[in-house]
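Trainee: Assemble chain S onto chain B, guided by the hints.
Protein chains in written order, with full-length UniProt numbering: chain B, 1 to 504; chain S, 1 to 504.
Honestly, I wouldn't trust all of these hints.
The list cannot tell twin chains apart, which means a pair is met if one copy fits it or any two copies do.
Stated by the list, open to error - In silico lysine-lysine, BS3-like type, Cα no more than 27 Å apart, as pairs:
#, residue 1, residue 2
1, 144, 473
2, 144, 266
3, 324, 144
4, 179, 126
5, 142, 69
6, 266, 142
7, 462, 323
8, 266, 171
9, 187, 216
10, 324, 97
Rather than coming from a laboratory, the hints here were simulated on the basis of the structure.
Protein chains: 2
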Amino acid sequence: MSPTLAANGDIAAAKPASPATSRVAVVYSEVQNSRIDHPLPLPSVLRSPFKIVDGPASSAAGNPGEIAKLFPNLFGQPSAMLVPSESDMAQPDQKLKIGVVLSGGQAPGGHNVICGIFDYLQERVKGSTVYGFKGGPGGIMKCKYVELTTDYIYPFRNQGGFDMICSGRDKIETPEQFKQAEETAVKLDLDGLVVIGGDDSNTNACLLAENFRVKKLKTQVIGCPKTIDGDLKCKEVPTSFGFDTACKIYAEMIGNVMVDARSTGKYYHFVRLMGRAASHITLECALQTHPNITIIGEEVQQLISELNEILAHDVVDEGGVWKKKLANQSLQLFEFLPEAIQEQLMLERDPHGNVQVAKIETEKMLIKWLKLSWYEGRCGLPTNFDSSYCYALGFAAGALLQSGKTGLISSVWVGNLAAPVEEWTVGGTALTSLMDVERRHGKYKPVIKKAMVELEGAPFKKFASMRDEWAVKNCYISPGPIQFVGPAANAVNHTLLLELGAHA
Amino acid sequence: MSPTLAANGDIAAAKPASPATSRVAVVYSEVQNSRIDHPLPLPSVLRSPFKIVDGPASSAAGNPGEIAKLFPNLFGQPSAMLVPSESDMAQPDQKLKIGVVLSGGQAPGGHNVICGIFDYLQERVKGSTVYGFKGGPGGIMKCKYVELTTDYIYPFRNQGGFDMICSGRDKIETPEQFKQAEETAVKLDLDGLVVIGGDDSNTNACLLAENFRVKKLKTQVIGCPKTIDGDLKCKEVPTSFGFDTACKIYAEMIGNVMVDARSTGKYYHFVRLMGRAASHITLECALQTHPNITIIGEEVQQLISELNEILAHDVVDEGGVWKKKLANQSLQLFEFLPEAIQEQLMLERDPHGNVQVAKIETEKMLIKWLKLSWYEGRCGLPTNFDSSYCYALGFAAGALLQSGKTGLISSVWVGNLAAPVEEWTVGGTALTSLMDVERRHGKYKPVIKKAMVELEGAPFKKFASMRDEWAVKNCYISPGPIQFVGPAANAVNHTLLLELGAHA
Chain B
1 MSPTLAANGD IAAAKPASPA TSRVAVVYSE VQNSRIDHPL PLPSVLRSPF KIVDGPASSA
61 AGNPGEIAKL FPNLFGQPSA MLVPSESDMA QPDQKLKIGV VLSGGQAPGG HNVICGIFDY
121 LQERVKGSTV YGFKGGPGGI MKCKYVELTT DYIYPFRNQG GFDMICSGRD KIETPEQFKQ
181 AEETAVKLDL DGLVVIGGDD SNTNACLLAE NFRVKKLKTQ VIGCPKTIDG DLKCKEVPTS
241 FGFDTACKIY AEMIGNVMVD ARSTGKYYHF VRLMGRAASH ITLECALQTH PNITIIGEEV
301 QQLISELNEI LAHDVVDEGG VWKKKLANQS LQLFEFLPEA IQEQLMLERD PHGNVQVAKI
361 ETEKMLIKWL KLSWYEGRCG LPTNFDSSYC YALGFAAGAL LQSGKTGLIS SVWVGNLAAP
421 VEEWTVGGTA LTSLMDVERR HGKYKPVIKK AMVELEGAPF KKFASMRDEW AVKNCYISPG
481 PIQFVGPAAN AVNHTLLLEL GAHA
Chain S
1 MSPTLAANGD IAAAKPASPA TSRVAVVYSE VQNSRIDHPL PLPSVLRSPF KIVDGPASSA
61 AGNPGEIAKL FPNLFGQPSA MLVPSESDMA QPDQKLKIGV VLSGGQAPGG HNVICGIFDY
121 LQERVKGSTV YGFKGGPGGI MKCKYVELTT DYIYPFRNQG GFDMICSGRD KIETPEQFKQ
181 AEETAVKLDL DGLVVIGGDD SNTNACLLAE NFRVKKLKTQ VIGCPKTIDG DLKCKEVPTS
241 FGFDTACKIY AEMIGNVMVD ARSTGKYYHF VRLMGRAASH ITLECALQTH PNITIIGEEV
301 QQLISELNEI LAHDVVDEGG VWKKKLANQS LQLFEFLPEA IQEQLMLERD PHGNVQVAKI
361 ETEKMLIKWL KLSWYEGRCG LPTNFDSSYC YALGFAAGAL LQSGKTGLIS SVWVGNLAAP
421 VEEWTVGGTA LTSLMDVERR HGKYKPVIKK AMVELEGAPF KKFASMRDEW AVKNCYISPG
481 PIQFVGPAAN AVNHTLLLEL GAHA
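Extracted from the complex, chain B is given alone in its bound form (with noise of 0.2 Å):
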């Protein structure tokens, strides 16, 4: 335990896995190379032979007609799961040639749902060939891949970052651009893809899986649900990657502003977080560090849709009568803002009566000092949890391609509060099951529904069950650095525990 001036972090070279010289020269820090040799654990089904077990027929998450008529070849296919099984799966001389694809933005984890595919093909399919495209989609459609090797691979396990392929933020959409994809497809002989990305990627692998099996080419699509920000999920995607890690690396940097406030006691700070239209990671921050205040985007915006009502129908009456119509949590939220904010969400509305959300000073106001960047927390070194979610994530992904199935998303169900890795779930969920769609230009697209907070939700509820008391005592928390090691190394985040537990 004692702190020796041991000679400061800086590992020359990553030990390559065979032999054979590493590609990839990458100077890596204390921190970085002890993770690279950090073990796994694995859902025990893929540890054993295992099958695959269809639920019944899927249906869609909203509008089931037009996505059935969108996926023809898709819509309606059961989940699958993995169970353990007397005989392997595998065919004498099967080998697999598969593609896979970074897509949006960075999240920690995605190269260890690459080393889990790679992994599972390596010992499951012998002989099979894993491209990685490199640069996002745009790789895809022009053809532009590397061969992913063990050497290759192994500097970037358990690794922050997208650097092993790059991402990019190109989207396959025109006739030409599944052309081009089509050709791919042709031309490297791919068995499957995966695509590992947000909601419009795995939008987009559902259509590239629609449309193989239009052209009746056997390259199957697989898709992995990547962001940070937390939206992508469902009752059969629990979480998506890289979430638990970068809320822990906003939440200790909101701890330490916490303990530097309580030491002054002179200011308080202010904390601005991303995660575009979801909350997620501002509430997940919050039930991580108790702040006084937390303003939740989804409720302002059901308090601001009662208001809508109210204006357009009631009077406003000086005695705060009125006030009686809004539901009882709405009621709460508008007392505890600010006389000016109140007065604003009261008073200004456009030509169609709704209350002008961009004109609202809140944010002006409020942000100062703090500004959390995405960019601060997406290319973080992966948790414990993400490391290990994403790499069954990536056996998953494979074991779906070797059974044959297109056009689901790998699903890891990471079970109870208590359930180690062994015991998680593993099987994939039809993704026209997670689509509705949306009128665009004339047209109907389908897209997948980003997943806001539910304000009749687990997490919601046990933040608004403790806000008051944050509010007036000083109940900070700090979460400290993440640890790899220790106690605290494998606590995954509250909103996945609280989720699962009110879903127990």
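Mentor: Here is chain S on its own, set in the frame of chain B:
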């Protein structure tokens, strides 16, 4: 090693060290809680009987004549070193009343200095009392304090922030303020006072020590070197506490955005670090992470002063012959700078012939994306190094007080590159020996000179020897989050290691 879904992190109450209930109700995260009982190693000299050995008479960092006039009672004091002894220096029935104060901005490890003082007295001068002055030096003047007990300090062991007794930026400067401090010293019957602070606070500590001597009060004053900026150090005070932790927090963030940049290949990140005049934090972070470009203020200053000479006395020819007058290093820096900045450095001068530094748009041009603030780094959980270093500083302060010393700064020489804590050397250095004078309002004022980055020092030379390679190759290193357990937990910052190596 399996990341089980164990319940996440909140430990409801800090375990009190004795059956009495802790007086401080703070809710801790799992990591914070795991730190409380982290066993701290001690220099072996502090584990058995020791005596104090004085070195030769000291002088001052500059203008010893003036310093001697300002500190007639203290000037010339020798350094004190603890060495093993046959018998303990404890006198029968000796009991001490000691005050402690945190002064100025927070730095990780401050709590451990206080714990070190407390534990030293508990062990060696039984029956002693420790008063914690609240809210900084203002607490001394207002006699606002809390009596520290085992239970009171327990929850703050190895924790970040200064919230045990809080800090403040008041200075004890005017005759009335000195009078107030005297009154408190008399009222509490103080044998000693430990001032934990930066350069200004330690100067103040020395003035207090001198004043107490003049007034024939028994109260001794000992300083402790605190600042995350790293600019309070000299040969006998190898580093200020907090620097190690803060740099590692910043370096983690920088490493993350480097991985981000490598993953996208689309852009560079620009990071602005804090550190007031001295660039130790920036240099240390550069050594930890290897960015493409690092701008060290001290080097730019050196270039500017050479340019001033040239512009004042020489012809600046188009062909660039004038550049031969620049020192080699300055020329390299000049050539390294973008043309727009070169031009500004050459063309604009103020009425005194100096380059108008304030007009240089370097920062405006470079600052984008990420500004790391003091707040993110100054309140983190102290690293193992800062935890142990501070604890030893506290013990040393206790030993110096017990042996009747005043006007010294607690000093822990962490020794050669590989010295474990057990081998650290402990003692005190005359505060007057760190001092020079500055002329303010027609009077000489004593100041501890801020230690700037030395362009001839080992850390800068190491950086200079590597930056050309870093500029053209991407040699990024991502240090990852601070670890408290495991292989990287006891690494020490490059600056200290290199300086120790250079001194060895």
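Trainee: Next step is simple, just say for each hint if it's right about the structure.
Mentor: Hint by hint, here is what the structure shows:
no.: 1; hint: 144 - 473; result: between (56 Å within a copy, 23 Å between copies)
no.: 2; hint: 144 - 266; result: between (56 Å within a copy, 17 Å between copies)
no.: 3; hint: 324 - 144; result: neither (62 Å within a copy, 49 Å between copies)
no.: 4; hint: 179 - 126; result: neither (30 Å within a copy, 84 Å between copies)
no.: 5; hint: 142 - 69; result: neither (30 Å within a copy, 79 Å between copies)
no.: 6; hint: 266 - 142; result: between (57 Å within a copy, 18 Å between copies)
no.: 7; hint: 462 - 323; result: within (25 Å within a copy, 67 Å between copies)
no.: 8; hint: 266 - 171; result: between (49 Å within a copy, 17 Å between copies)
no.: 9; hint: 187 - 216; result: within (15 Å within a copy, 93 Å between copies)
no.: 10; hint: 324 - 97; result: neither (63 Å within a copy, 62 Å between copies)
Hints 3, 4, 5, 10 from the list above are not met by this structure, while the remaining hints are.
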